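**Q** So the sequences go chain by chain: A and B. Each step along the first sequence adds one to the number in the numbering used here, with nothing skipped, and position 111 is 111. Each step along the second sequence adds one to the number in the numbering used here, with nothing skipped, and position 177 is 177.
Be a bit skeptical, because a hint or two may be false.
Claimed, not checked - With a cut-off of at most 25 Å between alpha-carbon atoms, the simulated BS3-like pairs for lysine-lysine come out as follows:
no., chain 1, residue 1, chain 2, residue 2
1, A, K122, A, K17
2, A, K39, B, K416
3, B, K191, B, K282
4, A, K121, A, K106
5, B, K418, A, K39
6, B, K344, B, K372
7, A, K106, A, K39
8, B, K344, A, K39
9, A, K106, B, K344
10, B, K432, B, K418
11, B, K191, A, K118
12, A, K107, B, K418
13, A, K39, A, K83
14, A, K17, B, K418
15, A, K107, B, K282
16, A, K122, A, K107
17, B, K137, A, K106
18, A, K107, A, K121
19, B, K137, B, K116
20, B, K260, A, K106
21, B, K416, A, K17
22, B, K137, A, K107
23, B, K191, B, K160
24, A, K121, A, K39
25, B, K116, B, K145
26, A, K17, A, K106
27, A, K106, B, K191
28, A, K118, A, K17
29, B, K35, B, K9
30, B, K191, A, K107
31, B, K344, B, K145
Said to hold, decoys possible - So, partial list: chain A residues that the calculated Cβ filter (under 10 Å) puts toward chain B:
no., residue
32, I3
33, T11
34, F72
35, V134
What the hints assert, rightly or not - Footprint (simulated), chain A over chain B, 3 or more residues, beta carbon under 8 Å:
no., region
36, 188–194
37, 253–266
38, 440–453
Since the hints were made in silico from the structure, they are not lab data. Since we're looking at a predicted model, the values are computed, not measured. Cβ atoms here follow ideal geometry from the backbone N, Cα and C, with glycine treated the same way.
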Amino acid sequence: MNIGYEEVSHTADWSVKVWATNLPELFSECMIAMLQMMKVEYLPGQSVGQIIDLQAPDDESLLVAFLNEILFMIETRMMVPVKTDISILGDTFHGVFHCMFLREMKKEIKAVTFHNLKIEKKGELLEVVLVFDV
Amino acid sequence: MVSFNALRKVNEFEWEIPRSFRAGMHVPVKIFASKRLLDAAMDDLSLEQAVNAASLPGVVGQVVVMPDVHQGYGFPIGGVAAMRYPDGVISPGAIGYDINCGVRLLASRVYFDEAKSFLRDLAVALDQSCPSGVGTKGARNMTEKELDQVCRQGSGWAFKQGYGTPQDLRRTEGEGCLPGADPGAVSSRAKERGRPQLGTLGAGNHFLEVDVVDTIFDENSAGIIGLEEGCLVVQIHCGSRGFGHQICTDYVQSFQSITKRYGIDLADRELVCAPLDSPEGKQYLSAMTCAANYAFANRQILAHNVRIAFETVFAGKVKDASLYQIYDIAHNMGKLETHIIDGKPQRVCVHRKGATRAFGPGSTEIPEEFQKIGQPVLVPGSMGTASWVLVGTIESMAISFGSCCHGAGRLMSRNKAKHSIRGDELRNNLEKRGIFVQAGSLPGLAEEAPQAYKDVDAVVQTVSEVGMARKVARLLPVAVIKG
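Next comes chain A alone, as it looks inside the complex (with noise of 0.2 Å):
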């Protein structure tokens, strides 16, 4: 599979590892990997739009800002990202999301962290795991 990702053995927290064929791919399925470890589900209606933009000095800390909006905003404005179209230029992302009204998480993330964090290219696939504080 050229896009996916699998839960990775941690002691305390959650730990995912998560590929894809390039950056917007993998920054989108870090954050499906995230909400299905949450256990979000949503209420049906209509979808509203939300956008994303952030700066950060490399790839690590602009995925790391990224999967923290998105936990900001399922807390505090209810709304899960359903729909995502992704760009990241540089040190830039800009993000355009549909989301839909939260209405239950059965799980809490507290943070994603930048333990080991690193973004590598294995062979044609892009790859990083992530360990969630929960």
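Based on these hints, arrange chain B on the given structure of chain A.
**A** Below, chain B without anything else, positioned relative to chain A:
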């Protein structure tokens, strides 16, 4: 990974990773563990993370690893490191996202024998009185002005609102209010997350637990502390909620570039840091203090609600249904303290992550009645197992910067726990043993199963053997409330 060959055995309960293990280490790592607990620690990255901590600028003495250690992110959970003040560093990731996660213990004169018919009612009442679970909100949304007051006053703010007693404040680490809080150092995002969450338990490993005092090991200390064999006590375990999580998130993110600017090389980016005397270091310390005070106020409000539930359930059924505070201690915190290092008093910022303060007899920073015996150290177990009340010692001041273990320590990953343990079976088994369980999520309950943790009695035996703390009382659970 750190191999067994890299360790120097000091005695049955002490091991050392010398400075020579890796270039860049400023101090050795001292591990307090039996061989069995050490083996468990070597199954994950705990010791490697301790080596990384021993390489932080300005770290002094030794990095201390507790017997309940397990792998965290950046810094091991169950780790203590002291950074020289003012030129050493402060690291948000080495304190953790749940700033001032801690434990409060309330005690009663209600005997288990007279209470046992009402324990299910008590579990339900506690569950209803303390909002818990993922994304829970408190009774009201504070204004920004009120939140700023909480940041500056901590438990004192809650007391002024009618939550608690003067003894609660006196018997809280730092009297429930650390100096130096500056709400201006806290982002609007953290404030937005913090305003609705005060007075909530949260989810994950946070809990309320009703225990019975099963065994007293030190009658004199138990009497001074206020524990009586056969009586019920209540533990509250939680922290600074989304407020603290966001403060840590903000500073770990912003320190990514600052660390480079100060020319600091790190083995792990989660350990980003800034000198304590730098504008950024001072700003983080002020923001962290806000979260610490928020957490003290949070546990103060929860304690008030616990009291109401407890007194309501036992009203007219027992002679005295009141709950009084034993102590409240933090186990994720950075604090400026003075310790004797290399024979001289030195001001340091002690980073305790998954480790509690354990000041010994004679310390002027603990309540007067504890100054002859040392401060109470609260070591919660793992739902179906014992919890412990210990006291700090003179030795803890000498060997661990006045610190001790904070719990049993995880052994099994959450992933493995949820795949090998069923929440409903676990609840049934606990109830068969007379432990009532109120849980918001059964998979969440499975992740926190006793089997997923180390043997807390072995952990406590280790800290007792090395003299880091003295045993006072062993508690056994009778009701557990989890978010």
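**Q** Confirm or reject each hint.
**A** Now the hints, each set against the structure:
1. K122(A) <-> K17(A): 12 Å, holds
2. K39(A) <-> K416(B): 17 Å, holds
3. K191(B) <-> K282(B): Satisfied, since the Cα-Cα distance of roughly 19 Å is no more than 25 Å.
4. K121(A) <-> K106(A): With a Cα-Cα distance of about 33 Å, the restraint between K121(A) and K106(A) is violated, given a limit of 25 Å.
5. K418(B) <-> K39(A): 14 Å, holds
6. K344(B) <-> K372(B): 24 Å, holds
7. K106(A) <-> K39(A): 5 Å, holds
8. K344(B) <-> K39(A): Cα-Cα ~53 Å, so violated.
9. K106(A) <-> K344(B): Violated: K106(A) and K344(B) sit about 51 Å apart, past 25 Å.
10. K432(B) <-> K418(B): 21 Å, holds
11. K191(B) <-> K118(A): The hint is violated at about 31 Å.
12. K107(A) <-> K418(B): 13 Å, holds
13. K39(A) <-> K83(A): 17 Å, holds
14. K17(A) <-> K418(B): 19 Å, holds
15. K107(A) <-> K282(B): Violated, at roughly 34 Å.
16. K122(A) <-> K107(A): Violated, at roughly 31 Å.
17. K137(B) <-> K106(A): 15 Å, holds
18. K107(A) <-> K121(A): Outside the cut-off at roughly 31 Å; violated.
19. K137(B) <-> K116(B): At roughly 31 Å apart (the allowed maximum being 25 Å), K116(B) and K137(B) break the hint.
20. K260(B) <-> K106(A): Cα-Cα ~38 Å, so violated.
21. K416(B) <-> K17(A): 16 Å, holds
22. K137(B) <-> K107(A): 15 Å, holds
23. K191(B) <-> K160(B): 21 Å, holds
24. K121(A) <-> K39(A): 29 Å, violated
25. K116(B) <-> K145(B): 44 Å, violated
26. K17(A) <-> K106(A): OK: K17(A) and K106(A) at ~21 Å, within 25 Å.
27. K106(A) <-> K191(B): With Cα atoms ~24 Å apart, K106(A) and K191(B) stay inside 25 Å; holds.
28. K118(A) <-> K17(A): 11 Å, holds
29. K35(B) <-> K9(B): 10 Å, holds
30. K191(B) <-> K107(A): 22 Å, holds
31. K344(B) <-> K145(B): 43 Å, violated
32. I3: Hint violated; I3(A) Cβ to chain B Cβ min 21 Å, cut 10 Å.
33. T11: This hint holds: T11(A) lies near chain B, its Cβ roughly 5 Å from the closest one there, short of 10 Å.
34. F72: Cβ of F72(A) sits 6 Å from chain B, so the hint holds.
35. V134: Holds - the Cβ of V134(A) comes within 10 Å of chain B, reaching about 6 Å at its closest.
36. 188–194: holds (count 3)
37. 253–266: holds (count 3)
38. 440–453: holds (count 3)
Hint compliance for this structure: hints 4, 8, 9, 11, 15, 16, 18, 19, 20, 24, 25, 31, 32 are broken, all remaining hints hold.
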